[in-house]
Amino acid sequence: MTRRCEPDLNQPKATMNADNNPIPGFSFDPCSSFYQFLTTQRPELLPMARWGTLPIQQGSRDIPLSHQLPPWPHGTTVLAFTYQNGVLIAGDRRATEGFQIAANRMDKVFQTDEFSAMAIAGAAGPCVEMAKLFRIELEHYEKLDGKPLTCEGKATRLGYMVKANFPMVMQGLVVIPLFVGYDQKREIGRLFKYDITGGRYEDTEFHAVGSGGKDARLTLKEHFRKNLPEDQAVRVAIRALSNAAEEDVGTGGPDLLRKIFPMVKLVDGQGVRDVEDTQLATICQELLSQEREY
Amino acid sequence: MAMPFYVSPEQMMQDRAEYAKKGIAKGRSIIAMEYDQGVLFVADNPSASLFKISEIYDSIAFSGAGRYSEFENLRKAGIQHADMKGMMYSREDVTARSLANGYSQMLGTIFSQEMKPYEVELLLAQVGETPDGNEMYRIAFDGSIIDERNFTAIGGRSEAILTFLRKEISETRPALKIALQLCQQAFENGADHKTGLKGLEVALLDRTRPGRKFRRIGTSEASALLS
Chain A
1 MTRRCEPDLN
11 QPKATMNADN
21 NPIPGFSFDP
31 CSSFYQFLTT
41 QRPELLPMAR
51 WGTLPIQQGS
61 RDIPLSHQLP
71 PWPHGTTVLA
81 FTYQNGVLIA
91 GDRRATEGFQ
101 IAANRMDKVF
111 QTDEFSAMAI
121 AGAAGPCVEM
131 AKLFRIELEH
141 YEKLDGKPLT
151 CEGKATRLGY
161 MVKANFPMVM
171 QGLVVIPLFV
181 GYDQKREIGR
191 LFKYDITGGR
201 YEDTEFHAVG
211 SGGKDARLTL
221 KEHFRKNLPE
231 DQAVRVAIRA
241 LSNAAEEDVG
251 TGGPDLLRKI
261 FPMVKLVDGQ
271 GVRDVEDTQL
281 ATICQELLSQ
291 EREY
Chain B
1 MAMPFYVSPE
11 QMMQDRAEYA
21 KKGIAKGRSI
31 IAMEYDQGVL
41 FVADNPSASL
51 FKISEIYDSI
61 AFSGAGRYSE
71 FENLRKAGIQ
81 HADMKGMMYS
91 REDVTARSLA
101 NGYSQMLGTI
111 FSQEMKPYEV
121 ELLLAQVGET
131 PDGNEMYRIA
141 FDGSIIDERN
151 FTAIGGRSEA
161 ILTFLRKEIS
171 ETRPALKIAL
181 QLCQQAFENG
191 ADHKTGLKGL
201 EVALLDRTRP
211 GRKFRRIGTS
221 EASALLS
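Protein chains in written order, with the working numbering: chain A, 1 to 294; chain B, 1 to 227.
In short, the hints are calculated from the structure, not lab data. Beta carbons are placed, not taken as given, at the ideal position from N, Cα and C, and that holds for glycine. A couple of the hints might just be wrong.
[Stated by the list, open to error] Short, incomplete list of chain B residues facing chain A, as computed with Cβ under 10 Å:
1) Ala17
2) Thr208
3) Arg212
[Claimed, not checked] Once the Cα atoms are required to be at most 20 Å apart in a straight line, the calculated SDA-like pairs of lysine to any residue come out as:
4) Lys85(B) - Gln270(A)
5) Lys85(B) - Val128(A)
6) Lys147(A) - Ala48(B)
7) Lys163(A) - Gly125(A)
8) Lys132(A) - Lys214(A)
9) Lys214(A) - Arg200(A)
10) Lys147(A) - Gly211(B)
11) Lys147(A) - Ser47(B)
12) Lys116(B) - Gln105(B)
13) Lys193(A) - Tyr160(A)
14) Lys85(B) - Lys214(A)
15) Lys214(A) - Glu246(A)
16) Lys198(B) - Leu225(B)
17) Lys21(B) - Lys198(B)
18) Lys147(A) - Arg212(B)
19) Lys76(B) - Phe37(A)
20) Lys76(B) - Gln41(A)
21) Lys85(B) - Ile136(A)
22) Lys76(B) - Arg42(A)
23) Lys198(B) - Ser170(B)
24) Lys116(B) - Ala48(B)
25) Lys76(B) - Gln184(A)
26) Lys167(B) - Glu188(B)
Please take these sequences and the hints and turn them into a complete structure.
So this is what it looks like as structure tokens:
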């Protein structure tokens with residue numbers, strides 16, 4: 001037996017037009033997004049306009065761009081973890097180009113606004129561009145809406161940008177960010193990781209990505225404690241990056257001779273600040289002398 | 001078929017200008033004044049959340065008098081222009097002069113070609129690295145643009161306010177406290193109604209700040225400054 005669902009004739013009929021738009025021709029777009037603005041107005045300025053839509057050459061179907069061209073610079077290991085006052089984010093300074101070192105003073109950790117920062121592993125060009133675009137994105141929203149995005153909102157927004165990057169991933173131009181921010185409402189530091197499809201995952205402890213990411217994670221697993229004080233947190237970060245540099249050719253360790261140290265940023269209730277090179281130098285010296293004693 | 005009446009271009013422009021001026025005369029005023037460390041903006045604005053003064057870019061601020069929906073659209077267009085230019089070139093290449101030019105073009109086109117002119121007056125300021133590098137532009141409803149020095153005002157009561165300021169101001173680029181005092185007095189003198197500090201929206205382009213120079217000053221901070 002079938003039951004038919006009769007329409008209720010007493011119910012007033014919906015007065016929407018075909019587009020489900022109460023006022024035709026107008027809409028309250030909730031987006032104060034610069035990325036969205038570029039997508040609709042000037043798509044040629046977006047990174048994927050250049051790489052993501054390159055025509056695949058005849059006879060080379062399914063071979064990603066990365067196999068057809070000489071290697072281009074890649075940024076390597078970055079890590080982040082929560083500590084007493086907030087969250088720490090750090091990265092080594094090396095960029096590699098195949099088996100060559102492309103740069104040994106590269107910055108992969110970027111402050112994105114007053115209370116957030118990101119670090120990126122992957123193809124250096126698109127990485128730096130994404131960080132730059134994301135900074136503008138946050139500032140643009142703040143100016144248009146008169147109020148900064150919440151920590152969660154920022155993390156979601158970055159997820160969209162990673163997702164939009166997916167056509168470039170198919171060409172071998174992978175960009176994997178780590179995002180950290182201080183949540184002023186909850187008064188905690190928060191850490192988000194992403195996958196290549198734009199999937200966003202919050203982590204309450206630690207994470208590391210990049211070629212030496214696994215090695216850095218191993219060290220963090222051993223030395224990470226909840227609510228580490230600031231000086232110890234910086235020490236753990238340096239140790240993790242140094243260990244990763246020992247295991248992975250792509251990761252650059254601290255270079256005391258040339259005074260090249262990893263970049264470490266602390267994000268807390270006061271904002272974002274860099275750990276000074278002098279402090280990093282002392283910690284690196286200490287770690288090195290500890291190794292000698294063994 | 002009825003023929004449309006002939007209206008001379010002069011008559012048409014005059015009518016439009018009159019219409020726009022009438023709309024702006026209803027708008028509350030805004031003062032921009034150079035002080036020793038930057039540019040001070042003070043607006044007669046009873047709302048604590050609907051702003052008339054806004055940040056456009058690192059060292060550039062915007063304010064509009066007249067019809068809210070219209071200057072809000074112009075403000076958004078300015079932010080989009082600035083952010084895009086900063087991305088395509090560099091952050092230092094975004095200047096108030098080019099923004100003012102853009103606004104002038106937009107308002108000029110709207111004034112002569114659209115059904116109804118915009119009933120707005122805009123004030124655009126950029127704080128320079130040195131006091132002499134400050135720039136202030138006043139842009140009228142028809143796109144005419146005036147390069148201002150030391151202080152300027154827009155909105156319905158701007159003439160009364162400017163007359164008061166010309167008489168009272170004794171030094172160029174006074175300290176912040178004196179500048180704020182002057183602005184408050186100008187509003188009390190020029191406006192029909194009494195405006196306490198609560199009814200004023202205050203913002204700064206502060207040269208001493210790193211990066212983004214724009215900063216809002218709340219009622220409590222403003223009263224602390226004046227005491």
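Status of each hint after checking the structure:
Evaluation of the Ala17(B) hint against chain A yields a violated restraint, the C-beta minimum of about 29 Å exceeding 10 Å. Of the supplied interface hints, the one on Thr208(B) is violated, with its beta-carbon coming no nearer than about 17 Å to a beta-carbon of chain A, more than 10 Å. Hint status for Arg212(B): holds, given a least beta-carbon distance of 8 Å to chain A, under 10 Å. Restraint check for Lys85(B) and Gln270(A): not satisfied, since their Cα atoms lie roughly 30 Å apart, outside the 20 Å limit.
Taking the CA atoms of Lys85(B) and Val128(A), the gap is about 18 Å. The hint holds against a cut of 20 Å. Annotation: proposed proximity of Lys147(A) to Ala48(B) holds, straight-line Cα distance about 13 Å (limit 20 Å). With a C-alpha separation of about 17 Å, the suggested pair Lys163(A) and Gly125(A) falls inside the 20 Å cut-off, and the hint holds. Distance check on the hinted pair: Lys132(A) and Lys214(A) sit about 27 Å apart at the alpha-carbon level, beyond 20 Å; violated.
At most 20 Å may separate the alpha-carbon atoms for a hinted pair to count; Lys214(A) and Arg200(A) meet this at roughly 19 Å. Between Lys147(A) and Gly211(B) the CA atoms are separated by roughly 18 Å; this keeps the pair inside 20 Å, and the hint holds. A threshold of 20 Å between alpha carbons decides the hint, and for Lys147(A) with Ser47(B) the separation of about 16 Å falls inside it, so the pair holds. For the given pair, Lys116(B) sits about 16 Å from Gln105(B) by alpha-carbon distance, which is consistent with the 20 Å threshold.
With a C-alpha separation of about 13 Å, the suggested pairing of Lys193(A) with Tyr160(A) holds against the 20 Å cut-off. Taking the CA atoms of Lys85(B) and Lys214(A), the gap is near 40 Å; set against the 20 Å cutoff, the hint is violated. For the proposed pair Lys214(A) and Glu246(A), the alpha carbon gap of about 12 Å is at most 20 Å, so the pair holds. About 14 Å separates the Cα atoms of Lys198(B) and Leu225(B), which keeps this hinted pair within 20 Å; it holds.
With a C-alpha separation of about 28 Å, the suggested pairing of Lys21(B) with Lys198(B) is violated against the 20 Å cut-off. Restraint check for Lys147(A) and Arg212(B): the C-alpha separation of about 15 Å stays at or below 20 Å, so the hint holds. Taking the CA atoms of Lys76(B) and Phe37(A), the gap is near 11 Å; set against the 20 Å cutoff, the hint holds. For the proposed pair Lys76(B) and Gln41(A), the alpha carbon gap of about 14 Å is at most 20 Å, so the pair holds.
Using a Cα cut-off of 20 Å, the hinted pair Lys85(B) and Ile136(A) holds, with the two alpha carbons roughly 11 Å apart. The suggested pairing of Lys76(B) with Arg42(A) holds, with an alpha-carbon distance near 16 Å, which does not exceed 20 Å. For the suggested pair Lys198(B) and Ser170(B), the alpha carbons sit about 26 Å apart, so the restraint of at most 20 Å is broken. A threshold of 20 Å between alpha carbons decides the hint, and for Lys116(B) with Ala48(B) the separation of about 30 Å lies outside it, so the pair is violated.
The suggested pairing of Lys76(B) with Gln184(A) is violated, with an alpha-carbon distance near 27 Å, which exceeds 20 Å. Proposed proximity of Lys167(B) and Glu188(B) is supported: the alpha carbons are some 15 Å apart, at most 20 Å.
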